[in-house]
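Protein chains in written order, with numbering that gives the first Met the number 0: chain A, 0 to 263; chain B, 0 to 292.
Derived by calculation from the structure, the hints in this document are not laboratory data.
Hints may be right or wrong, so weigh each one.
[What the hints assert, rightly or not] Below are the EDC-like pairs computed for lysine to aspartate or glutamate, each with C-alpha atoms no more than 16 Å apart in a straight line: (1) B:Lys98 - B:Asp79; (2) B:Lys75 - A:Glu156; (3) B:Lys60 - A:Glu209; (4) A:Lys219 - A:Glu209; (5) B:Lys34 - B:Glu159; (6) B:Lys98 - B:Glu72.
Source: prediction; values computed, not measured.
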Amino acid sequence: MLNNRRKVINKTLNQILFILALMLCWELLARTGWFPPLLFPRLSDVLRTLITDIRSGEIVGRLYFSLYLIAQGLALAVVTAAVAAVLALCSPIVSDWVQAVMAILHPLPGISVLPIIILWLGTGPRSIVAVIWFSSVWPLIANLHTGLRSVPATQIEVGQNLGLKGVRLIGKVLIPSAFPYILTGLRVAWARAWQASVAAEMVFGASGGEGGLGWFIYKKRFFMEIASVFGGMFVIIVVGLIVERLCFEWVEARTVRRWGMTLE
Amino acid sequence: MTNQAGLVIENLSKTFHTKHKSIQALSGINLTVGKGEFVNIIGPSGCGKSTLLRCIAAFEKPTEGRLLLNGQESTKPGIDRMMVFQNFEQLFPWLTVRKNVMFALNASTRVANRIEQREWADHYLNLVGLKGFEDFYPHQLSGGMKQRVAIARALSVQPEILLMDEPFGSLDAITRSALQRELFRIWQETKVTIIFVTHNIDESIILGDRIVVLKANPGRIHSIVENHLPRPRSKDDPQFNQMWEKIHSLLNAETGIPPVEERLTGRVRQDRRLTAGAYLSLAEEVHRANPPE
Numbered sequence: 000m001l002n003n004r005r006k007v008i009n010k011t012l013n014q015i016l017f018i019l020a021l022m023l024c025w026e027l028l029a030r031t032g033w034f035p036p037l038l039f040p041r042l043s044d045v046l047r048t049l050i051t052d053i054r055s056g057e058i059v060g061r062l063y064f065s066l067y068l069i070a071q072g073l074a075l076a077v078v079t080a081a082v083a084a085v086l087a088l089c090s091p092i093v094s095d096w097v098q099a100v101m102a103i104l105h106p107l108p109g110i111s112v113l114p115i116i117i118l119w120l121g122t123g124p125r126s127i128v129a130v131i132w133f134s135s136v137w138p139l140i141a142n143l144h145t146g147l148r149s150v151p152a153t154q155i156e157v158g159q160n161l162g163l164k165g166v167r168l169i170g171k172v173l174i175p176s177a178f179p180y181i182l183t184g185l186r187v188a189w190a191r192a193w194q195a196s197v198a199a200e201m202v203f204g205a206s207g208g209e210g211g212l213g214w215f216i217y218k219k220r221f222f223m224e225i226a227s228v229f230g231g232m233f234v235i236i237v238v239g240l241i242v243e244r245l246c247f248e249w250v251e252a253r254t255v256r257r258w259g260m261t262l263e
Numbered sequence: 000m001t002n003q004a005g006l007v008i009e010n011l012s013k014t015f016h017t018k019h020k021s022i023q024a025l026s027g028i029n030l031t032v033g034k035g036e037f038v039n040i041i042g043p044s045g046c047g048k049s050t051l052l053r054c055i056a057a058f059e060k061p062t063e064g065r066l067l068l069n070g071q072e073s074t075k076p077g078i079d080r081m082m083v084f085q086n087f088e089q090l091f092p093w094l095t096v097r098k099n100v101m102f103a104l105n106a107s108t109r110v111a112n113r114i115e116q117r118e119w120a121d122h123y124l125n126l127v128g129l130k131g132f133e134d135f136y137p138h139q140l141s142g143g144m145k146q147r148v149a150i151a152r153a154l155s156v157q158p159e160i161l162l163m164d165e166p167f168g169s170l171d172a173i174t175r176s177a178l179q180r181e182l183f184r185i186w187q188e189t190k191v192t193i194i195f196v197t198h199n200i201d202e203s204i205i206l207g208d209r210i211v212v213l214k215a216n217p218g219r220i221h222s223i224v225e226n227h228l229p230r231p232r233s234k235d236d237p238q239f240n241q242m243w244e245k246i247h248s249l250l251n252a253e254t255g256i257p258p259v260e261e262r263l264t265g266r267v268r269q270d271r272r273l274t275a276g277a278y279l280s281l282a283e284e285v286h287r288a289n290p291p292e
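In isolation and in its complexed conformation, chain A is listed as follows (with noise of 0.2 Å):
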């Protein structure tokens, strides 16, 4: 037990310090003069840039932009997810169907489908919101459809036998029991969302000047401060590494894994 976190923190540690070696060579590299600054700025600077962005409050609106956005996404995505999923499991019927199209769309990259959704709903926050929904819903379904259909026929019947039905019956047992499935699919769902986001606001910002993180680095790359450009970049970076790391990781510590219940 103890052996192996020691091995865990070895591993971490390794792994800081070969990404701090990188970004001194980042440094060093910018530093020597053989690249235009312009385009290949010092990892200080970028840094410098950073701390101004943040302390000015625009990086921080346009994150919460963009996760307002994602939150809306996902939500939406969320109870689409489980309106099919359930729909599916009463009825062999609709199983078929939902299984049709998620394998025909699910391919499909959320990115993809935003010209048509421009037409449809023009370049405001509802298209960019749409994307997100169109990035994240098929991952949901599909795990969230593998999970209902997993449950041990057992513990149905131990929840019959009990006189649960219907939705107690969902509520109560088929939904924890679904759950590692259910989680794996919102972590899958949160990535996609992320990065949809992203995408989309590369392409337009969203109506008024108002837009996210995307749109701050597309703006940013626009007036060619290319070090508040990477200044962006690394801000994506972070709350995908907060997210994954600390929220799931965390949820799935007090969940799935205290109930023996890991995929695999």
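Using the hints, position chain B against chain A.
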């Protein structure tokens, strides 16, 4: 007759329909189980013994016939007939041992108050010998302990009948016989009616008052053996061996199941996940059938 206490099974038949054919699993079953009785059902695999139990629990709907519990026809699953399965997955892995039992009390609305639910749960966990394991999660328990939790959970809602579908079938021989003794004690303490399905002859003799022997194709009652051996029952008792031979010959002669060695190899081939426990109990049967010189 219809207001008789206990369970009355009248002319029960069950046919399963698949795309191409229909299989008659049970035919013309008539059986009365009195209140507080301990009945074993034994038969070769495929004789419909589990189907019969599932019909009693109303997980399956009989094609013909009916089931009366205390004179009332029962057609839906309910907490008056609680099932304990062989499968370890029957416990909810996301709930602790205590919460698994409380779940039953809560879902069945047997006990509404949280504090009382907790007291009831602890009482029944104590009954099955799991005091001290209340806050464990199922994956932290051994197979035998999991089955104890399942029994506690089923008993907690105070059913009229406990239906047990080879509950010790996946346990090793030692755990199995320990749980058989425990189940007998629990039965005496709670006075619950138990219908216990098994394919293990020893188990059926050790536990029950009556042994219902089924035969296959279609599943029907071959004979009912009264078991009045003095308790506690021991395999060393010559009467035990007579009883064993009797049931063994009933199973063999009339059901046409192959000799034990063939069954042993057949099962090993058929079921790669055959547990050590099941293997041991089969090996034991082989040993009994062919005692060394």
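Hint check results:
The hinted pair formed by B:Lys98 and B:Asp79 fails the criterion: a straight-line CA distance of about 21 Å is larger than 16 Å. For the suggested pair B:Lys75 and A:Glu156, the alpha carbons sit about 12 Å apart, so the restraint of at most 16 Å is met. Taking the CA atoms of B:Lys60 and A:Glu209, the gap is about 62 Å. The hint is violated against a cut of 16 Å. Taking the CA atoms of A:Lys219 and A:Glu209, the gap is near 14 Å; set against the 16 Å cutoff, the hint holds.
A threshold of 16 Å between alpha carbons decides the hint, and for B:Lys34 with B:Glu159 the separation of about 8 Å falls inside it, so the pair holds. Among the hinted pairs, B:Lys98 with B:Glu72 is inconsistent with the structure: their alpha-carbon atoms are about 32 Å apart, more than 16 Å.
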